[in-house]
Amino acid sequence: MRNLVKWGATAMVCAGVVALAGQASAAEPIKIGAFLSATGPASFLGEPEKKTLEMYVEKMNKAGGVMGRKLELVVYDDGGAGDKASTFAKRLIESDKVDVLIGGSTTGTTMAAVPLVERAGIPFISLAGGVNIVEPVKKWVFKTPHTDRMAAEKVFGDMKKKGISKIALISEDAGFGKSGHDQSMLVVKNYGIEIVADEVYSPKDPDVTAQLTKIKNTPGVQAVFNFGFGQGPAIVTKNFKQLGMTVPLYQSHGVASKDYIKLAGEAAEGVRLPAAGLVVPDQLAATDPQKPVVTAFKKEYEAAFKSDVSTFAGHAYDGLQIFLAAAARAGSVDKEKVRDEIEKTSGYVGTGGLVSMTATDHMGLSLSAFHMVEIRKGDWVLSD
Amino acid sequence: MFAAFLQYLFSGLTSGAIYALAGLGFAIIYNASHVINFAQGEFIMIGGMASATLVAAGVPMPLAIVLALLISMAVGVALEKFAIEPARNADVVTIIIITIGASIFLRGATQIILDKEFHSLPAFSGETPIGVMGATLMPQSLWVFAVAAVMIVGLWWFFNRTMFGKAMLATSHNRLAAQLVGVGVKKVLLASFALSALLGAVGGVVVTPITFTNYEAGIMLGLKGFSAAVLGGLGNGGGAIIGGLIVGIVEALASGYLSSAYKDAIAFVIILFVLFFMPNGLFGKRGTDRV
Amino acid sequence: MTLLKVENLSKEFGGVHAVEDLTFSVEPGHIHSIIGPNGAGKTTLFNLITGVYTPSAGRVLFQDRLVSGLKPYELAAMGMSRTFQNLQIFFNMQAIENVMVGAHLHLNRGFLSSFLRLPAVVRGDRECRARCTELMEFVGLAKYLDADAASMPYGALKRLEIARALAAKPKMLLLDEPAAGLNATESREIDEVIKRVAASGITVVLVEHDMKMVMGISDHITALDYGRKLAEGTPAEVRANPDVVKAYLGAHA
Amino acid sequence: MALLAIVVAAAPIGFTNSYFYDVGVNAMFNAIVCVGLNLLIGYAGQISLGHAGFFALGAYGSALLTTMYNVPPIGALTISALVVGLLAFVVGRPILKLKGHYLAMATLGIGIIIHIVLKTESKFTGGPDGMSLDNFKMLGFTVMGDRMWYWVAGVLLILAVWLALNLIDSPVGRALRAVHGSEVGAEVVGVDTSSYKVLVFVVSAVFASVVGSLFAHKNGFITPDIGSFFGSVHLVTMVVLGGMASVFGAVVGAVILTLLPQVLASVEQYEAMILGVIMMGTMIFMPKGLLPSLLAKLKSREAGR
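Protein chains in written order, with this note's numbering: chain A, 1 to 384; chain B, 1001 to 1291; chain C, 2001 to 2253; chain D, 3001 to 3305.
Hints were generated in silico from the structure; no laboratory data involved.
One should not assume that every hint holds.
Here are the simulated DSBU-like pairs of lysine-lysine, each with C-alpha atoms no more than 35 Å apart in a straight line [claimed, not checked]:
no.: 1; chain 1: C; residue 1: Lys2212; chain 2: C; residue 2: Lys2195
no.: 2; chain 1: D; residue 1: Lys3137; chain 2: A; residue 2: Lys337
no.: 3; chain 1: B; residue 1: Lys1186; chain 2: D; residue 2: Lys3137
no.: 4; chain 1: A; residue 1: Lys258; chain 2: A; residue 2: Lys189
no.: 5; chain 1: B; residue 1: Lys1166; chain 2: D; residue 2: Lys3297
no.: 6; chain 1: A; residue 1: Lys51; chain 2: B; residue 2: Lys1116
no.: 7; chain 1: A; residue 1: Lys262; chain 2: A; residue 2: Lys291
no.: 8; chain 1: A; residue 1: Lys59; chain 2: B; residue 2: Lys1116
no.: 9; chain 1: B; residue 1: Lys1116; chain 2: A; residue 2: Lys97
no.: 10; chain 1: B; residue 1: Lys1116; chain 2: A; residue 2: Lys262
no.: 11; chain 1: D; residue 1: Lys3137; chain 2: A; residue 2: Lys138
no.: 12; chain 1: A; residue 1: Lys258; chain 2: B; residue 2: Lys1116
no.: 13; chain 1: A; residue 1: Lys291; chain 2: A; residue 2: Lys31
no.: 14; chain 1: A; residue 1: Lys377; chain 2: B; residue 2: Lys1116
no.: 15; chain 1: A; residue 1: Lys162; chain 2: D; residue 2: Lys3123
no.: 16; chain 1: C; residue 1: Lys2143; chain 2: D; residue 2: Lys3123
no.: 17; chain 1: A; residue 1: Lys291; chain 2: B; residue 2: Lys1116
no.: 18; chain 1: D; residue 1: Lys3297; chain 2: B; residue 2: Lys1187
no.: 19; chain 1: A; residue 1: Lys335; chain 2: D; residue 2: Lys3137
Isolated chain A, as found in the complex:
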């Protein structure tokens, strides 16, 4: 009787092992590994990122690949969970033997993979915003999106220009919003601005009028800044309008996708936020080096998926391009060489801005990469 139990257990373990072993294979192509949050609360980051990577890998393979080698993409969905991300990162490194890691849609999933990436020694380009991904600098870790700190700085800069000195902060209590909140608190003093009300909400709250009422009743609030993504900011925007609040409403770069405007509807009129040039390609100055890049990317993405491009898709595009350029310069996918070349990336024109990395800056973007945009008549309007 007891033996049966054990045999059963053995069989299960063996079955699992066989199933896992079936996944592993090695081949000629350049292998790109990605772990993204294609499902879960951050799926609207991971989903476009995944689609972008798949589209461009296919496109490049049709064009004959890179350095005469085909590209092979392996993507896993971590569902936004750190522990899953860490296991998938290990799988990509150890089993799939990829040449580069792209991913971590969120700061949490990225950071969960960092310890083993550093140990394994493989170039890793994160698509998440958290500033702690690249500060302090980690040898193998790079990132393409602007940091949440930069978003905060851009917003505070804009406020300062408008003579705003007392604001309310309302943020989502999940990864993106929380990290943005903490970074905002850190840099806000540099702009002579005081945060007089600090409220949070859960990503799936049906209603945040309570928090906003509290803000409304706080004396002296000259503007409200909302840090969050997903449906939360849209609900904040609607409730804001409902309460008849008239001070300017700022959003973060987390809502830089058309979905936000669609969900929030008319209430989104007049909302200001920092965003990459990607959302307003036509309005960029003709001399802007980004203009051709973002125009082309937007066209290709929207043609392929029949949906509006978001800046998150752009992060994945930039990550892929930065890696491929570095590999081309290195002439191989030798991990050490590619890493060195990524670090030497200079003047790359991406969807997120001009990227020039150094040994002390593994992101390479400056504040100029951000534009302030305002929502007018249901569309983005450049408003620097």
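Once you've looked at the hints, dock chains B, C and D against the given chain A.
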């Protein structure tokens, strides 16, 4: 000062009415089968997603809503027929796992059949806020209250005034006796799932203009609905409604007066305390163990 | 010395008196039966004596100690043990394990020693198993030694409860309708078991509907009706009591 | 038992790289938590939808104590386990008076409250973005790398299984199972049921906490998500799927549900649907859980011969 309080109250009532509708679905199925259906939130999600997708595809809104309700009911019936019915005599925990499996499946299926994006429906009667003594309320919130009220009255009528409704109630009190007088327990179970799927879908449709929806929207609503049903006392429809309203109002007042970061925690602490002193919820049947 | 004293005991459920102002006592070594029509409050009385319910008024003394308000497990430790009208068998365990739970109080209950399976625990368990085997044989369950409780018939389960109660080595054993639902043969066998239990020096308090059995084995009888004491005395006295005949036998005739 | 040891020892033959070891370690860690949780759910019949919270507390306890207060890892693990045990003891008393779905609700609430605290107190925990910590060092020896963790986890799993088997077949274990069978029945023969329920609640919480501490050291980075409601549901599912009231069943359930997402990762978007179908199918056709149902089938086949 009073205006702020009123605003918190409105906020809480809006959320609370949504939770109450979710909780009511739990209560109906629990009454008929003593099953806690953790896929209840998925009915709400399907109602919202289906109607929003249909409207986006150009179907007129009333038709889209009716279709969404039918889809959700079909899912409810299928769930009962293929997943609950075959496992009727299993342990409570086993059935819980089945319904959790069902909710994972339904989320997965929605994500493939429809998509992963957020959807919204136009508000039923515009988006001009209504001012009440310095506080404001969206017309859609009134819709939610009204629909919740209509649902409650409708259910009361169904369970107390129709033969079939009475039969369903009888089954919940004593399954054997109900069988003896010829009430088909199977039919009752099926009806209870259809009914709570309908209820969930109605809820999903009316709240979508407020909260939006995507394939994962059911998780939170399911959790809050369960909390509402337990707080009110399992199997007590009115209890679930009051439980939902309490949870919503506590959350709103907590974020207004205490801490918005801990509002969910505060709501749970209150539920815990209620349970410590009233182990069967606020209005649950207080059964002494017969030994 | 009186083993059990019940003084002015009352219990009401939502205004209904299930037991009202009841006083009686049980002498050691006796088989003391409680009789009465359905709803007379017999099971409620048992639940009050064994601590399952707390009384609304009055008190219970066991071995001259006030015990009302104590928990069932505390009363068990003092030597009170019982069976149930609605079976309370551990259906998730083997029959013999059910009986071994009965011996709980007499085993090494240290958590760490159980966790680490210390030799003392192993030895204790071995002895316990042997004694519980004897008990099962004593109540006539020899053929169910290896059975799962869930696979046993109703009659056997009734005896299993008795064996379990006996494993606790009680001074007083309360049996709630041990013969209910049994056929005549089984009933006679239970009869035998009760007599032997009493013969071993354990006081038995019995609730039973089977009048033949009650009259045959009881030393003393208390008759209840509507939660109140109707009569008490030896079987002959109670049988002759006109109130009892009217209320109890009359109701059944 | 011996066979479990052989399986643990022999499995690495099929492991071609450290990713397999990593999955193996995760499976065994989950298995240990489930062995503890099964004592509560399967044997004592008390549900908990909050055990991921205890797991997370263990993990964060270790992370905080080692990084902020320089407590040696083994000390941090012990202190965390003691604190979690104490917490479980304090909340266990009132909570375990509840039954069935009410108990499920209360434990769920405890788990969610823990999760919210870990998420919110970012000064200590790093908030939703998580925090990192160092390797597990003890007596000048560092547990590092997936292989070494594998053997540590393997030994601990066998130890956990041994302890659980001991407990079940002891006076204490029988009392626990009796609580499941009939609380009144157990009370009247001298079993202090509420204390035993609290005891097993504490034991299972400590199991989860200890594993949480080790998990944190192994991964080197933790996020509050490990303590989410889904984590708890995941653990309960492992226990129920594998087989309630079966120590090896819990192990099997944990291993399967840890491997499944890895196997299903290749079918990408269909993962959720397949996982849902497997959960429903197993429970419909094997309501007692995989292992007990399979064993019963084998048994009846043998008897039929």
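How the hints compare with the structure:
1. A distance of roughly 14 Å separates the Cα atoms of C/Lys2212 and C/Lys2195; the hinted pair therefore holds under the 35 Å criterion.
2. Restraint check: the Cα-Cα separation between D/Lys3137 and A/Lys337 comes to about 34 Å, which is no more than 35 Å; the hinted pair holds.
3. Distance check on the hinted pair: B/Lys1186 and D/Lys3137 sit about 60 Å apart at the alpha-carbon level, beyond 35 Å; violated.
4. Of the supplied pair hints, the one linking A/Lys258 and A/Lys189 holds, its CA atoms being roughly 32 Å apart against a limit of 35 Å.
5. Restraint check for B/Lys1166 and D/Lys3297: the C-alpha separation of about 42 Å exceeds 35 Å, so the hint is violated.
6. Among the hinted pairs, A/Lys51 with B/Lys1116 is consistent with the structure: their alpha-carbon atoms are about 13 Å apart, no more than 35 Å.
7. With a C-alpha separation of about 25 Å, the suggested pair A/Lys262 and A/Lys291 falls inside the 35 Å cut-off, and the hint holds.
8. Between A/Lys59 and B/Lys1116 the CA atoms are separated by roughly 24 Å; this keeps the pair inside 35 Å, and the hint holds.
9. The suggested pairing of B/Lys1116 with A/Lys97 holds, with an alpha-carbon distance near 30 Å, which does not exceed 35 Å.
10. Note on B/Lys1116 and A/Lys262: the hinted pairing holds, with a Cα-Cα distance of about 15 Å set against a maximum of 35 Å.
11. The suggested pairing of D/Lys3137 with A/Lys138 holds, with an alpha-carbon distance near 23 Å, which does not exceed 35 Å.
12. For the hint pairing A/Lys258 with B/Lys1116, the CA-to-CA distance comes to about 15 Å; that is within 35 Å, so the pair holds.
13. For the suggested pair A/Lys291 and A/Lys31, the alpha carbons sit about 30 Å apart, so the restraint of at most 35 Å is met.
14. Proposed proximity of A/Lys377 and B/Lys1116 is supported: the alpha carbons are some 26 Å apart, at most 35 Å.
15. Among the hinted pairs, A/Lys162 with D/Lys3123 is consistent with the structure: their alpha-carbon atoms are about 32 Å apart, no more than 35 Å.
16. A distance of roughly 66 Å separates the Cα atoms of C/Lys2143 and D/Lys3123; the hinted pair therefore is violated under the 35 Å criterion.
17. Under the criterion of a C-alpha separation no larger than 35 Å, the hint pairing A/Lys291 with B/Lys1116 is consistent with the structure, at around 30 Å.
18. Our distance criterion of 35 Å between C-alpha atoms is met by D/Lys3297 and B/Lys1187, whose separation comes to about 32 Å.
19. At most 35 Å may separate the alpha-carbon atoms for a hinted pair to count; A/Lys335 and D/Lys3137 meet this at roughly 30 Å.
In summary, the numbered hints that this structure violates are 3, 5 and 16.
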